[in-house]
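**Q** For the protein sequence lines, the chains are L and R, in the order given.
Its first residue numbered 1, the first sequence is counted upward by one per residue in this note's numbering.
Its first residue numbered 169, the second sequence is counted upward by one per residue in this note's numbering.
Source of the hints: derived by calculation from the structure; they are not laboratory data.
Here the structure is a predicted model, which is why all the values come from computation and not from measurement.
Note that the Cβ used here is the ideal one computed from N, Cα and C, for glycine as well.
Where hints are given, some of them may not hold.
Claimed, not checked - Restraint ranges, calculated between C-beta atoms of paired labels, are given here: (1) R/T265 <-> L/N123: 28 to 36 Å; (2) L/D104 <-> R/G278: 49 to 57 Å; (3) L/N153 <-> R/I204: 27 to 35 Å; (4) R/L212 <-> L/G142: 34 to 42 Å; (5) R/L207 <-> L/G100: 50 to 58 Å; (6) R/Q244 <-> L/A61: 27 to 35 Å; (7) L/N153 <-> R/T217: 35 to 43 Å; (8) L/V84 <-> R/L212: 24 to 32 Å; (9) R/N223 <-> L/V124: 23 to 31 Å; (10) R/A233 <-> L/N153: 56 to 64 Å; (11) L/G152 <-> R/T205: 24 to 32 Å.
To be verified - Residues of chain R clear of chain L, computed beta-carbon distances all greater than 12 Å: (12) L212; (13) A215; (14) G216; (15) E219; (16) L251; (17) T265; (18) T271; (19) T275; (20) V276; (21) P289; (22) T303; (23) N307.
Stated by the list, open to error - For the chain R half of the interface with chain L, some residues (derived, Cβ under 8 Å), not all of them: (24) F209; (25) T213; (26) G222; (27) S227; (28) P262; (29) G290.
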Amino acid sequence: MRGRSLTSEGAVDSIHRETLVTRVFCSTLFIVAAGTLAALSSAGCSPLGPSSTATNLPNAAISVENFSGTLKVQGVAFYSFTVVDGGTTYLSLLSLKEAGVDSDVLVAIGIGVPRGTSCIATNVLSVKATGGLQLTGTTNPGVHCAVVFDPGNLTKDATFSLNIVRPK
Amino acid sequence: MKMFRFFRFGAAVLVACLTGAACSSTTAPSEADSSITPLEFTTLTFAGTLEAKGNGFYSFVVGQAGPVGLTLAAVQTPGGAALSIPVGIGVGVPSGTGCARSTSQTTVPGLAAQMTVTLNPGTYCAAVFDTGTLTAAVNFAMRIRHP
Numbered sequence: 001m002r003g004r005s006l007t008s009e010g011a012v013d014s015i016h017r018e019t020l021v022t023r024v025f026c027s028t029l030f031i032v033a034a035g036t037l038a039a040l041s042s043a044g045c046s047p048l049g050p051s052s053t054a055t056n057l058p059n060a061a062i063s064v065e066n067f068s069g070t071l072k073v074q075g076v077a078f079y080s081f082t083v084v085d086g087g088t089t090y091l092s093l094l095s096l097k098e099a100g101v102d103s104d105v106l107v108a109i110g111i112g113v114p115r116g117t118s119c120i121a122t123n124v125l126s127v128k129a130t131g132g133l134q135l136t137g138t139t140n141p142g143v144h145c146a147v148v149f150d151p152g153n154l155t156k157d158a159t160f161s162l163n164i165v166r167p168k
Numbered sequence: 169m170k171m172f173r174f175f176r177f178g179a180a181v182l183v184a185c186l187t188g189a190a191c192s193s194t195t196a197p198s199e200a201d202s203s204i205t206p207l208e209f210t211t212l213t214f215a216g217t218l219e220a221k222g223n224g225f226y227s228f229v230v231g232q233a234g235p236v237g238l239t240l241a242a243v244q245t246p247g248g249a250a251l252s253i254p255v256g257i258g259v260g261v262p263s264g265t266g267c268a269r270s271t272s273q274t275t276v277p278g279l280a281a282q283m284t285v286t287l288n289p290g291t292y293c294a295a296v297f298d299t300g301t302l303t304a305a306v307n308f309a310m311r312i313r314h315p
C-alpha cells in the first residue's frame, strides 16, 4: 500500500510536473507568438500577407505643374502659381542636363513670392536631380513662385524639369 | 391711492426706458465710424530692355483696393535716343513664366498714366510687350503707382 501510495504520489507529482511544464511551454509559446505578431504588425506585415499603408499627402486637393526650361550658368529661372487653398507645396527636380548630358551637380531650388522681376525665395535648398520630393514649403492663399538657380556649379547652360506639387 | 398709482406709473416708465430703445438718446457717430482711411500710394520704376517680339513683367503687391496707374515714361534706343514707337502695356497676375494680362493696350511713351485699373489687394504684375512694331531691342522705363 505504501509503495502503491508512493507510486500514486509520484504519479501525481509527475502529472503536476507535466502540467507545469505544459503551462510554461504554452505561456512561452503565447509570448513568442504575441511578440512575433507585434513585430510583424509594427513592420507593416500581417500573417495574412503583406499590407500596404496609404501615404496621404496633407493636402486634400493638389495640383501638379511642371516647370521646364533652360538654366544658364549662374542664372535664375522662376515660375509663378496661384494657391487658392493654403497648404504645403513640394518641389521635385526631375532632371538636369548640361549640354544634353545628365548632370549631378547641385543647383538651388526654392519657394517664394514674385517681386519685381524675380522670385524672392524664403525657402531654398541645394539639390541634385533625384526626382523625389525635395523641398517643402507652406503656401498660403495667394501668388507664389518656384525658383531654380545656379549657385556657381554649372559649367554649361542646362535644361531642367521641376515638378511643383501644390494645393489647388 | 392716487400717489401710489403715480409712483407705479413712474416705475413702469423707468423700467421701459432702461430696457427699451424708445428712450435711448441719439448718439453721434464716433470718430472711428466716420473716418475714411486715405490711400497711400507707392511708385515703382520698371526699367529694362524689350527685345523685338519680346516681353517683360514686374510683380508688385497691392495692399489696399484702389486705382493702379501705369505710365510708360520712356522708350529709347540702346544709345539713348528717345522713340515714340508704340508698345503694349498691361496689368495681370504672375502666372507660369510670364504675366497673365487681364487688361492691356498699346501706347506711346508719355508723362501721364496711360492705363489706370482698380485692383483689390493681392499680387499683380505690370507687363510691357512688343506688339510687332519693334525691329530691334529698345530700352524702356515704366512707372507703376499703386495703393
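**Q** For R/L212, is the shortest beta carbon distance to chain L beyond 12 Å?
**A** 8 Å, violated
**Q** May I ask you to check that R/A215 keeps its beta-carbon over 12 Å from the closest beta-carbon of chain L?
**A** 10 Å, violated
**Q** Check the non-interface label on R/T271: least C-beta distance to chain L beyond 12 Å or not.
**A** 17 Å, holds
**Q** Beyond 12 Å from every Cβ of chain L: is that where the Cβ of R/P289 lies?
**A** 10 Å, violated
**Q** Any Cβ of chain L at or closer than 12 Å to R/N307, or is the non-interface label fine?
**A** 14 Å, holds
**Q** Beyond 12 Å from every Cβ of chain L: is that where the Cβ of R/E219 lies?
**A** 14 Å, holds
**Q** Per the stated criterion, does the least C-beta distance between R/T275 and chain L lie above 12 Å, as a non-interface residue requires?
**A** 21 Å, holds
**Q** Range hint 27 to 35 Å: satisfied by the CB atoms of L/N153 and R/I204?
**A** 54 Å, violated
**Q** Grab the minimum beta-carbon distance between R/L251 and chain L and tell me whether it stays above 12 Å.
**A** Holds: least Cβ distance 22 Å, greater than 12 Å.
**Q** Confirm or reject the claim that L/G152 and R/T205 have a C-beta distance inside 24 to 32 Å.
**A** Cβ of L/G152 to Cβ of R/T205: about 47 Å, so the range 24 to 32 Å is violated.
**Q** Grab the minimum beta-carbon distance between R/T265 and chain L and tell me whether it stays above 12 Å.
**A** 6 Å, violated
**Q** Does the CB of R/P262 sit less than 8 Å away from some CB of chain L?
**A** 4 Å, holds
Checked against the numbered hints listed earlier, the structure breaks hints 1, 3, 4, 6, 7, 10, 11, 12, 13, 14, 17, 21, 24, 25 and 26; every other hint is satisfied.
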